[in-house]
Amino acid sequence: MNFDDLKKKLRELKRFEIETRFKGQLLTGKEDLVWNRFFSTRSEYDTSVKYPMNYIILIDKQNVKEIFSEFFCMVYFKYYQENGITHKNLYSPELLSMLGLPPDSTANDIKKQFRELAKKYHPDCGGDSEKFIEMLEVYHKLTDNNN
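Using our numbering, read the sequence shown as starting at 6 and increasing by one per residue.
Keep in mind the hints are simulated off the structure, nothing from the lab.
Bear in mind that the values here come from a model prediction, so they are computed numbers and not experimental data.
Treat the hints with care, since some could be wrong.
What the hints assert, rightly or not - Subject to a maximum C-alpha distance of 27 angstroms in a straight line, what follows is the list of computed DSSO-like cross-link-like pairs (lysine-lysine):
#1 Lys83 <-> Lys14
#2 Lys125 <-> Lys13
#3 Lys19 <-> Lys35
#4 Lys125 <-> Lys136
#5 Lys116 <-> Lys136
Given only the sequences and the hints, what does the whole structure look like? Please build it.
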């Protein structure tokens, strides 16, 4: 894939989000688009986004699919939040990624990953206490919202 094809694909993803979340509404330009946090077509090296074009162009096709899948999950998560559609097993993709988990993780996946990370970062085991506290807060946000 070259940069022009990538720009075209990224613009399609932006249109997809706008159609999905704002069906027919006039946009003011102040909407909080997931796309704006993930991608940019202004510069190949835009480091203000999660996935700059220069990074996407270098990775293999499977990793690009995973990035796009993460984007779709986040778009639908925002759509569900905005429309009051909640489910006991719906977790924030952003919080899941902070624990190193994919967007489709289950409660068991979260618990298992938390235990592994707790062993790694717990101060009594020689871990980083700040990282442990951060991870603990993320875990509580995920589990408190779903009880």
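Right, here's what the structure says about each hint:
1. Lys83 <-> Lys14: Between Lys83 and Lys14 the Cα gap is close to 21 angstroms, so the pair holds against 27 angstroms.
2. Lys125 <-> Lys13: violated, 42 angstroms
3. Lys19 <-> Lys35: Distance of about 14 angstroms is within 27 angstroms: holds.
4. Lys125 <-> Lys136: Within the cut-off at roughly 10 angstroms; holds.
5. Lys116 <-> Lys136: holds, 17 angstroms
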